[in-house]
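Whole structure, please, built from the sequences with the hints as guidance.
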Amino acid sequence: MKPLGDLAQGFALRQRIGDVKLRMQVLSNELATGLTQDPAAHVHGDLSTIAELDRRMSVLESYRIANDETAQFAQAMQITLERIQEPTQQLSSQLIRSDLLEQDGFATILSGEAKSVLGTVIGAINTSSAGRSLFAGAATDRLPIGNIEDLLTSVRAEISGLTSVTDIRAAVDGWFDMPGGGFETSYYTGSLDYLSPIALSETETANLTIKADDPWFRASLKELTLATLASDPALGFPDVVQNELIKSAGEGLMRQQDEIVETRAQLGALEERIARTVVRLSSERSATEMSIATILGIDDYEAATRLEEVQAQLETIYAITARSSRLTLAEYL
Amino acid sequence: MSLSGALNAAVSGLTATARSAGLVSNNVSNALTESYGRRELHLSSNPLMDAGGVRIDGIIRHVNPVVLGDRRLADADVSLAETELAFSSRLEAAFGDPTSDGSLAGRVTALQSALVLAASNPASSLRLNEVSTTANALVGKFNEIGNAIQQERMRADERIAAHVTTLNDALQQVQELNASISTAVHVGRDPSALQDQRQRVIDTIAQLVPVRVVPRDRNAVAIITTRGGVLLDGRAAEIGFSESGVIAPHMTFENGLLSGITINGRAIPISEGGPLSGGSLGAELAIRDRHAVELQEKLDGVARDLIERFGPGGPDITLAPGALGLFTDQGTVFDPANETGLALRIRLNELVAPDQEGIWRLRDGLGTGVEGDVGNASLLNGLKDQLASQLAPASTSLDSRARSFAGLATQITSGVAYDRVQAERVVGFATAERNALHELELSEGVDTDLELQALMRIEQAYQANARVITVIDDLMKTILNI
Numbered sequence: 001m002k003p004l005g006d007l008a009q010g011f012a013l014r015q016r017i018g019d020v021k022l023r024m025q026v027l028s029n030e031l032a033t034g035l036t037q038d039p040a041a042h043v044h045g046d047l048s049t050i051a052e053l054d055r056r057m058s059v060l061e062s063y064r065i066a067n068d069e070t071a072q073f074a075q076a077m078q079i080t081l082e083r084i085q086e087p088t089q090q091l092s093s094q095l096i097r098s099d100l101l102e103q104d105g106f107a108t109i110l111s112g113e114a115k116s117v118l119g120t121v122i123g124a125i126n127t128s129s130a131g132r133s134l135f136a137g138a139a140t141d142r143l144p145i146g147n148i149e150d151l152l153t154s155v156r157a158e159i160s161g162l163t164s165v166t167d168i169r170a171a172v173d174g175w176f177d178m179p180g181g182g183f184e185t186s187y188y189t190g191s192l193d194y195l196s197p198i199a200l201s202e203t204e205t206a207n208l209t210i211k212a213d214d215p216w217f218r219a220s221l222k223e224l225t226l227a228t229l230a231s232d233p234a235l236g237f238p239d240v241v242q243n244e245l246i247k248s249a250g251e252g253l254m255r256q257q258d259e260i261v262e263t264r265a266q267l268g269a270l271e272e273r274i275a276r277t278v279v280r281l282s283s284e285r286s287a288t289e290m291s292i293a294t295i296l297g298i299d300d301y302e303a304a305t306r307l308e309e310v311q312a313q314l315e316t317i318y319a320i321t322a323r324s325s326r327l328t329l330a331e332y333l
Numbered sequence: 001m002s003l004s005g006a007l008n009a010a011v012s013g014l015t016a017t018a019r020s021a022g023l024v025s026n027n028v029s030n031a032l033t034e035s036y037g038r039r040e041l042h043l044s045s046n047p048l049m050d051a052g053g054v055r056i057d058g059i060i061r062h063v064n065p066v067v068l069g070d071r072r073l074a075d076a077d078v079s080l081a082e083t084e085l086a087f088s089s090r091l092e093a094a095f096g097d098p099t100s101d102g103s104l105a106g107r108v109t110a111l112q113s114a115l116v117l118a119a120s121n122p123a124s125s126l127r128l129n130e131v132s133t134t135a136n137a138l139v140g141k142f143n144e145i146g147n148a149i150q151q152e153r154m155r156a157d158e159r160i161a162a163h164v165t166t167l168n169d170a171l172q173q174v175q176e177l178n179a180s181i182s183t184a185v186h187v188g189r190d191p192s193a194l195q196d197q198r199q200r201v202i203d204t205i206a207q208l209v210p211v212r213v214v215p216r217d218r219n220a221v222a223i224i225t226t227r228g229g230v231l232l233d234g235r236a237a238e239i240g241f242s243e244s245g246v247i248a249p250h251m252t253f254e255n256g257l258l259s260g261i262t263i264n265g266r267a268i269p270i271s272e273g274g275p276l277s278g279g280s281l282g283a284e285l286a287i288r289d290r291h292a293v294e295l296q297e298k299l300d301g302v303a304r305d306l307i308e309r310f311g312p313g314g315p316d317i318t319l320a321p322g323a324l325g326l327f328t329d330q331g332t333v334f335d336p337a338n339e340t341g342l343a344l345r346i347r348l349n350e351l352v353a354p355d356q357e358g359i360w361r362l363r364d365g366l367g368t369g370v371e372g373d374v375g376n377a378s379l380l381n382g383l384k385d386q387l388a389s390q391l392a393p394a395s396t397s398l399d400s401r402a403r404s405f406a407g408l409a410t411q412i413t414s415g416v417a418y419d420r421v422q423a424e425r426v427v428g429f430a431t432a433e434r435n436a437l438h439e440l441e442l443s444e445g446v447d448t449d450l451e452l453q454a455l456m457r458i459e460q461a462y463q464a465n466a467r468v469i470t471v472i473d474d475l476m477k478t479i480l481n482i
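Line by line, the protein sequences are chains P and L.
Numbering follows the working numbering, with no gaps: position 45 of the first sequence is 45.
Numbering follows the working numbering, with no gaps: position 402 of the second sequence is 402.
Among the clues, some could well be false.
[Unchecked claim] Taking CB as the label site, the calculated pair distances span: (1) L:E350 x P:E284: 37 to 47 Å; (2) P:Q37 x L:R457: 48 to 58 Å; (3) L:H250 x P:A304: 50 to 60 Å; (4) P:I320 x L:G228: 44 to 54 Å; (5) P:N207 x L:G369: 25 to 35 Å; (6) P:A304 x L:R457: 53 to 63 Å; (7) L:S242 x P:A304: 50 to 60 Å; (8) P:N29 x L:G369: 53 to 63 Å; (9) L:T368 x P:T203: 27 to 37 Å; (10) L:E243 x P:E315: 45 to 55 Å; (11) L:A93 x P:G34: 19 to 29 Å.
[Stated by the list, open to error] Taking lysine to aspartate or glutamate and the EDC-like style, the derived pairs with C-alpha atoms no more than 20 Å apart in a straight line are: (12) P:K247 x P:D232; (13) P:K247 x P:D167; (14) P:K21 x L:E424; (15) L:K298 x L:E254; (16) L:K298 x P:D46; (17) L:K298 x L:D335.
[Claimed, not checked] Output of the computed footprint for chain L on chain P, the stretches with three or more beta carbons under 8 Å from beta carbons of chain L: (18) 7–14; (19) 30–43; (20) 50–63; (21) 132–143; (22) 190–201; (23) 319–330.
It should be emphasised that the hints constitute simulated quantities derived from the structure, not laboratory data.
Glycine included, every Cβ here is placed at the ideal spot set by N, Cα and C.
Put into structure tokens, the structure is as follows:
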């Protein structure tokens, strides 16, 4: 007669109980978190997809922050350009009014206005946003240009002693526009390089290529300076020369308006591109999040069902263990 | 047969039933002892013509050698699989889950994010410092994982030494037990308890190395490994191994810096398929000499890619050929001849260490002496793009497909995770098989129901024999009283 060893009876049941309890623990955790407990086993060891999705989430978040900053910077530029465009436009229409210039002393009034606008424009050019200079190119830690007094002093010295409008014009043009002229060597303190292209996403960049030594900035400052110094008492130009200079400055300013409008339009287009990229990256982030949940997530309903099955199974094993432990001959002797 | 003959027969019956009761008691008391072989009394009728009665031939120790042998082989498989699983799991933990920040892949992502933010505002020294900190954390992780791998080798080496000691002690014990059992049988004593002990000792050997137990003369056994190594045949073999202290990446068994195994002074091959492979001893040897070494080589290959990506010829144009790049081999230029162990030696260039004043070089270049415009993001953009560029790694330990650096990090992490998942599967299968065999083995053990039934019959037989003696005694008294 073949015996059935005592140990054998308990052994199988003990193993089963251990396995089922472990299974129950894993299922409970999965149900609670909604995610699989063992990601590596869930994807059969190939973690490349999930790692790439996770990396993309982090990088998208960084770009979100960076793009917020870039949008703010571009917006500050746009607002500042408005602060330059408006007064210069108004002033330019006043400066070309020859009928007003006929009156005595009006030139002085207009020069005074020009000086006030020049001050505003210089202040605007030297604006910073969040600690970075807007128009100094890559040298965001420096001011792009000097103050109004330095400008007037330097140009005044340049045109002092000249008499004809043509000569004065030529001298002022030379100081501002010529390579190696006073503007470049002593007045402009920003960088010679534009701000580096700013990355908006892993594939796109934005170019904020506006700085204070661009032609139309120089031209605006030039005409305003000319208008201001026209009736400067230290220079003592005759009335005819003064009127001519002021009128010429006004015409120059008017010509610049197209440039400013063009620049502002391009900046506006860039702002719009940044905004669209922000929206696109945001929806990409949501999609990536959903992909991760799809790969690592588990179906709640299925997990709950399986958990119940396992619990029932454990109860059955307990009942069998209890019953069979009482079925020995020793109990009946 | 005379009355005295009858008396002798009855007395022999009493002796036999008393011995049986003793065995039943021994069996029941050992019902829960695993290596206990159920004892049964072997009886036969007394062959001598004139005397009658029952003769005790001996005690049978019930054990199923086939099931026992298979279960021992399964034990070896389980030991092997569990050792490899433990190794894979620990290494998987060292690399980390790619979705968590502290993992290798997580640190690469952190560096990438820091570069994006720094390139957006290069004037911020806070952001430059963050780049330096994350880069430092990344190389720190390489150092950490490299150390973990070498720790695994040292641990394996220690365990090999411990296993060899256990093996030698156990073989000595079996040799002594062989002698004791032979003597006991010769003298006529019951050797069952010694055989139980011998079975236990061989079980411990069976986990370390898969063995076959072969019977020899005079109830002795020989122990031979399944792959042909003779551990005990008459005399126990002497297994030799010398433990190394600290293990460094360049030390291998092949170049003689790590000890191999000797049997009776002769070196034996310890690769997969060698005479001692197949159990936990073989597994530890494979870990020390193959698995950990291969993983170290791959990790060194990835570290090399990091150094070469950001060295001369990369995005930093201020670096002359042969100059120190962003990442260094312990402060010196990387030499391809010294790739072994690179992961433990890779460092961030000291010029751009975190919280130091040289941080601006991350923006302006390692080779310049003068700070440039603070808004210049061209190098930072270059670094950011280089990290994501698909480049083919130069190391021969990695496959030559072009990948981004994050891709390399993920590839090596995936490899380790895959190994762990596979190892779990193997453990599950081996354990199920072992459990089935173990259950079969245990079912041949003591069944208390059967023992108690036998006890009832023994009780009856004893009473019957005693009754016979009483009756014969009365008969004798009757005769003597005539």
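Index of numbered hints that the structure contradicts, given in increasing order: none
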